[in-house]
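Q: Below, each chain spelled out in residue letters.
Number of protein chains: 2
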Amino acid sequence: MDEKEKIEFLSQYDDFWSHLSREEKEYACRNTEVVSYHPGQNIHSADTRCIGVLFVKSGCLRVYIMSEEGKEVTLYRISPGEVCILSASCVLSEITFDVYVDAEDYSQAVVLNAYAFAKLIENNIYVENFSNKMKAIRFSDVMWTMQQILFFSFDKRLAIFLYEELIKNGPIIRYSHMEIAKYLGSAREVVSRMLKYFENEGIVKVSRKEIEIIDKKKLMDRL
Amino acid sequence: MDEKEKIEFLSQYDDFWSHLSREEKEYACRNTEVVSYHPGQNIHSADTRCIGVLFVKSGCLRVYIMSEEGKEVTLYRISPGEVCILSASCVLSEITFDVYVDAEDYSQAVVLNAYAFAKLIENNIYVENFSNKMKAIRFSDVMWTMQQILFFSFDKRLAIFLYEELIKNGPIIRYSHMEIAKYLGSAREVVSRMLKYFENEGIVKVSRKEIEIIDKKKLMDRL
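Taken in order, these protein sequences are the chains called A and B.
With the first sequence counted from 1, adding 3 to any position gets you this note's numbering.
With the second sequence counted from 1, adding 3 to any position gets you this note's numbering.
Read the hints as simulated data drawn from the structure, not as lab findings.
Note that the structure is a prediction, hence the values are computed from the model and not measured.
Worth double-checking, as some hints may not be accurate.
Identical chains share a label here; the pair holds if one copy fits it or two copies do between them.
Straight-line C-alpha distance at most 25 Å; calculated DSS-like pairs for lysine-lysine [unchecked claim]:
hint : residue 1 : residue 2
1    : LYS122    : LYS171
2    : LYS159    : LYS74
3    : LYS159    : LYS185
4    : LYS220    : LYS208
5    : LYS221    : LYS199
6    : LYS185    : LYS208
7    : LYS220    : LYS159
8    : LYS185    : LYS7
9    : LYS219    : LYS60
10   : LYS221    : LYS159
11   : LYS74     : LYS28
12   : LYS219    : LYS74
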């Protein structure tokens, strides 16, 4: 990605880019680099150096928390065209918690380093507002997840997950039971048990490698 | 509260007030009123008219979510000098969820109505940023609560609650088991059972009206 392509890419993020002065744009460009991540790679955690803001170009990032015992709860996913703000948590004064960020697929991002981002925030109220707005969006995502976990019974949560996959990628689902469990903040056995139950109800067909949704109507009755 | 007192009070909120023009200050004053709430009164919910931003003057507000079955989970509390932003959710574009806000004690707030707040946001980037910053602070609060609920075993959570009360108000705790359950997003029976367990361990003494912490060291061992 040359300078011109970088500028073209970043100018998509209108809330951020359009409010920078010419000097700030140059400064931002000098302090960004294109980074690639392989599937499963950890990008950010409480223990690693805080890298900065990720403008996601391709792939998918997963943001999650983890208990001391290693239990993971997925908070949200970040798609191309979106921003990963919490990977700059060290320079965000209102953020007092830390999360993990992993690449879920092969992913590319334009990374603006944390120091430069902090400098821009300090001198440009629009950048500060952009940063706070990105947090607010993720606040909404997290509230959605929290309500799912706390209030919905597990059959409903699994049904919602399957239904969303059906809409996005069609009736064949290739996630492992373990991956689904992680996504739903549950355990593999719980997912396997509920899938077996759904299979008995004629909603899905479960094989070793995939889950096939065979009755959309029955699935929707579970939502 | 006359005009002068109102201005004096609002000027505490420096991030907000100091960036308003003279006209905006006048506009804000014209659109605020002092409101009193009695203990237990509902101030905001998904079903009520969205009232606006509350600058809390006295008392304590509780922000929580509720499931369809009526299960409550407290997200955070708001003290004097702080701001209740989610009561203006109808004019906050990044907020896609809704919460309940109740007065916990007798409380007073200076309320800037939602329409006027939206107008100020529209025309003043500093107000927009103030609004987004307030959300970011509550995002951190919610993340803390979420980790408590999802990751900490209940004995630890109850111990933390008792310890915080001990620090704030001394060894006599006058919350009912039901109130503690609501606060911890649990059930009354679970609280009663764990308190009984703590009593057997010599940590607390439980009577009908109050809970007394009798061994601080033992309590701290549970944190």
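Q: Against this structure, judge whether each hint is valid.
A: Tested hints:
{"no.": "1", "hint": "LYS122 x LYS171", "in the structure": "neither (39 Å within a copy, 38 Å between copies)"}
{"no.": "2", "hint": "LYS159 x LYS74", "in the structure": "both (21 Å within a copy, 17 Å between copies)"}
{"no.": "3", "hint": "LYS159 x LYS185", "in the structure": "both (16 Å within a copy, 24 Å between copies)"}
{"no.": "4", "hint": "LYS220 x LYS208", "in the structure": "within (15 Å within a copy, 55 Å between copies)"}
{"no.": "5", "hint": "LYS221 x LYS199", "in the structure": "within (15 Å within a copy, 45 Å between copies)"}
{"no.": "6", "hint": "LYS185 x LYS208", "in the structure": "within (21 Å within a copy, 41 Å between copies)"}
{"no.": "7", "hint": "LYS220 x LYS159", "in the structure": "within (14 Å within a copy, 44 Å between copies)"}
{"no.": "8", "hint": "LYS185 x LYS7", "in the structure": "neither (40 Å within a copy, 55 Å between copies)"}
{"no.": "9", "hint": "LYS219 x LYS60", "in the structure": "neither (33 Å within a copy, 53 Å between copies)"}
{"no.": "10", "hint": "LYS221 x LYS159", "in the structure": "within (12 Å within a copy, 41 Å between copies)"}
{"no.": "11", "hint": "LYS74 x LYS28", "in the structure": "neither (41 Å within a copy, 49 Å between copies)"}
{"no.": "12", "hint": "LYS219 x LYS74", "in the structure": "neither (31 Å within a copy, 30 Å between copies)"}
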